[in-house]
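With chain G fixed as given, assemble chains C, S and D onto it according to the hints.
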Amino acid sequence: MINLLNIGLAALIVGLACWTIVARQPFAAVVGFIAYGLLLTLVWVQLYGIDVALTEAAIGGGLTGALLIGAAARLRGTDAAAAAERPGAPARWLAAGVSAAVTGALAIGVLSLPDPAPTLAHAVAANITSTGVGNPITAVLLSFRAMDTLLEAIVLLFALIGVWSLTPDHFWGGRPGLPQQADSNGILAFAARLLPPIGIVAGIYIFWVGADHPGGKFQGATILASMWLLTMMAGLTDAPPISRTWLRVWLVAGPLVFISIGFVGVVTAGAFLGYPDGLAKPLIVVIELALLPSLAVILGLLLSGPPQRKAQP
Amino acid sequence: MPEFLLGAALFILVMVAVGLVRILRGPADADRMMAAQLLGTGGIAAVLLLGAATGVDATIDVALTLALLAAFASFAFVRAGSAPTVNKTAAEDGA
Amino acid sequence: MNAATLFGLSAAALIGVGLFGLLVSPHPLRKILAFNVIGSGVFLLLGAIARRGAALGMGGDPVPQALLITGIVVAFSATALAVALLLRLFDATGSVTLAADAPTAVPTDPDNV
Amino acid sequence: MNFALDLWTLIAVAAGAVFFLAGTTGLLRFPDTFTRLHALTKADNLGLGLVMLGLLPQVDSVVAGLKLLCIWLLVLLSGATASQLIARHTRQSESG
Chain G
1 MINLLNIGLA
11 ALIVGLACWT
21 IVARQPFAAV
31 VGFIAYGLLL
41 TLVWVQLYGI
51 DVALTEAAIG
61 GGLTGALLIG
71 AAARLRGTDA
81 AAAAERPGAP
91 ARWLAAGVSA
101 AVTGALAIGV
111 LSLPDPAPTL
121 AHAVAANITS
131 TGVGNPITAV
141 LLSFRAMDTL
151 LEAIVLLFAL
161 IGVWSLTPDH
171 FWGGRPGLPQ
181 QADSNGILAF
191 AARLLPPIGI
201 VAGIYIFWVG
211 ADHPGGKFQG
221 ATILASMWLL
231 TMMAGLTDAP
241 PISRTWLRVW
251 LVAGPLVFIS
261 IGFVGVVTAG
271 AFLGYPDGLA
281 KPLIVVIELA
291 LLPSLAVILG
301 LLLSGPPQRK
311 AQP
Chain C
314 MPEFLLGAAL
324 FILVMVAVGL
334 VRILRGPADA
344 DRMMAAQLLG
354 TGGIAAVLLL
364 GAATGVDATI
374 DVALTLALLA
384 AFASFAFVRA
394 GSAPTVNKTA
404 AEDGA
Chain S
409 MNAATLFGLS
419 AAALIGVGLF
429 GLLVSPHPLR
439 KILAFNVIGS
449 GVFLLLGAIA
459 RRGAALGMGG
469 DPVPQALLIT
479 GIVVAFSATA
489 LAVALLLRLF
499 DATGSVTLAA
509 DAPTAVPTDP
519 DNV
Chain D
522 MNFALDLWTL
532 IAVAAGAVFF
542 LAGTTGLLRF
552 PDTFTRLHAL
562 TKADNLGLGL
572 VMLGLLPQVD
582 SVVAGLKLLC
592 IWLLVLLSGA
602 TASQLIARHT
612 RQSESG
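Residue numbers (the numbering used here), protein chains in the order written: chain G, 1 to 313; chain C, 314 to 408; chain S, 409 to 521; chain D, 522 to 617.
Errors might be hidden in some of the hints.
[Said to hold, decoys possible] Calculated cross-link-like contacts (lysine to any residue; reagent style SDA-like; alpha-carbon spacing at most 20 Å): (1) K439(S) - V98(G); (2) K439(S) - E85(G); (3) K439(S) - V14(G); (4) K439(S) - A23(G); (5) K310(G) - W208(G); (6) K439(S) - F272(G).
If you are wondering where the hints come from, they were derived from the structure by calculation, not from laboratory data.
Looking at chain G on its own, in the form it has when it is part of the complex (with noise of 0.2 Å):
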C-alpha cells in the first residue's frame, strides 16, 4: 500500500510539473504550481523530512503562491507579446535533448548511490548532547552549520535590499505596494481579524518546539509573516515606510546579534560561532528569538515588493 501511494505521489508531482511547464496561460500554470507544492509537502512526510514538510508547507502553501499569483494578475495580458520570442522548432527539439539526457544522467546518479549509503547522522548523534537542543535539525542549524544559517539571514536581508532598490526615485523612503481598500465589514477582513490571533500562537509554538522536536524559528517567521500579509491583504494594517529608523533596526537586529555571538565565540571558545562548554543552549535560544521577528518582517516585507506611494499620501 504504501508503495502504491508512493507511485501515485511521484506520478502526480512529475505530471503537475509537466503542466506549470507546458500550460498555455500564466495564471493556470502558477495554481498548477501551487498544487505541486502542497504535494512536495506530502513527499517530504513520506521522506521522514518532518522539518523540511514544515518548511515547504509554510513558505510553498503560503508566500510562494501568494506571490505569485499577484504577478500572474498584474502580468494578464502579457501572453502575445512573450510569445512572439517563442523558439522554432529545432530549438526546441534541441533543448528537449538537453533536459532528456540531464535526467537520463541524473537518473544513472541516482541508481548507482553507494550502499550502504554515507551518513552524517552518527557523527550528529555523538555531538548532540554537547548542544543541549534534541531535535538533531535544529542543533545542524544552529551548532555545527551555524555558518550557513548566519548566510542565509544575511542573504535574506540582501534579497530585501535588492527588491527595495527596484524603487522609483521618487518614492523612495515610501510605503511598500498598494495600498488596499479597507472593507472594514468585508469577508476578508473578518478573516483577518480572526486567522491573526491563531496564527501568532500556532507560529509561536512551531517555533518554540523545534528545540527539540520538528519546528524552528524559519517556519515559524513565515507563519507570522503570513499573518502580517493577511491583515495588509484586508486594509487593516498598512506596510511600514521604509526609511524608518526602528524597521531598519528591526531588520538587522537578529543577524547583528548571531554574529556580535559570533565574535564573542572567538573569545570564549576560540572559534567563530563556537559556544563555550555549557552555554550551548542558552546562546542558541537567544540567536532564535533574535532572529524570529527579524526573518518575519523581513520575509513580509519581501511579499510586499519595492514602495509605490510615498510615505503620507
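Leaving out everything else, chains C, S and D in the frame of chain G:
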C-alpha cells in the same frame, strides 16, 4: 489499521488529484483556484492519515501549518483580482 | 523499489522538465516557475540522499535535511527578487520582454514619466 | 473497547473519504462556478471533519487531539471565507 489508513490516504489523494482536471479545464480562474483549495483540504487529510499510519506525531504540526495557510492563496487571488481599480487610484495619488 | 530511489528518480525527471521549461518558455514568469521546478527537483534529490542516510532512529541524515531548509528559504528569496525585477520591468516599459521592438501591452505607467 | 474504537475509525474515515469523492465529482460535473463551489465545501467541512473525528481515537495524547480539532476548525473558517470571497469575485467579474 495502518494499512487501512494508508489506503484511505491514497483514496483521498487520488480523488483530489482527479479534481485537478479543473486546473486543466478551467474555464474561469476561480475554478482553478477551487481545485487548488480542494487539493489543500485533501492534502491536510492525507498528511493526518499518513501521520496516524506511520506513528510520526509531528505530522500534526505539518497539517496545522497547512490548515493555517490553506486559504492564503485564495485570499491573494481575490485581492489580485480587484487590483486594477486600486492601481489607478494609486497612480493618481503618486502623480 | 524503496521510497528514496523512487523519489530520487522523480527528482531527476523534475530537473529535466524544469530545465526544458527554462530553455523554451519565452515568458519570464514561466521561466521563474521553471526555475522553481528545477530547484525543487534538486531539493528532492538531496532529500532522497538524506533519506538513504537514515540511522540511529533519525528518519534521515540531519545534515542534508538542515541544508534543505536553508535552501528552500534562499530559493524563496531569489524568487521574490526575480518577481520584483519582472514587475518593475513591466511597470517601466509595459512589456515583459527585453526585445527592443517588443509590442507594449498597456500604456506606460504614469509613475515613471 | 479497542475494537469499538478501531471500528469507529474505520467507519468515520471511510465516510470522510466518500465526501471527498462527492466533492471531486461535484467539482468536475457541476455546470457552473457557484454549484462547483457548493460541492467543494462538502469536502472541506464534512470530508475533513469525518476523517478528523475518525482519527481522534488513534492519537496518544490530549494535546494531539486538541490540535486535530483546531485543524478542523481552521479549515472550516478559512474554507468558508475563501468560498465566500471566490463567489463574490466570480459574481463581480460576471456582472462587470
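Going down the list of hints, with the structure as the test:
1. K439(S) - V98(G): Holds. K439(S) to V98(G) sits at ~17 Å (cutoff 20 Å).
2. K439(S) - E85(G): holds (13 Å)
3. K439(S) - V14(G): Holds. K439(S) to V14(G) sits at ~17 Å (cutoff 20 Å).
4. K439(S) - A23(G): Holds, because 13 Å separates the two Cα atoms, which is no more than 20 Å.
5. K310(G) - W208(G): violated (38 Å)
6. K439(S) - F272(G): Measuring from Cα to Cα gives roughly 39 Å; hence the hint is violated.
Going down the numbered hints, you'll see the structure goes against 5 and 6, while the others check out.
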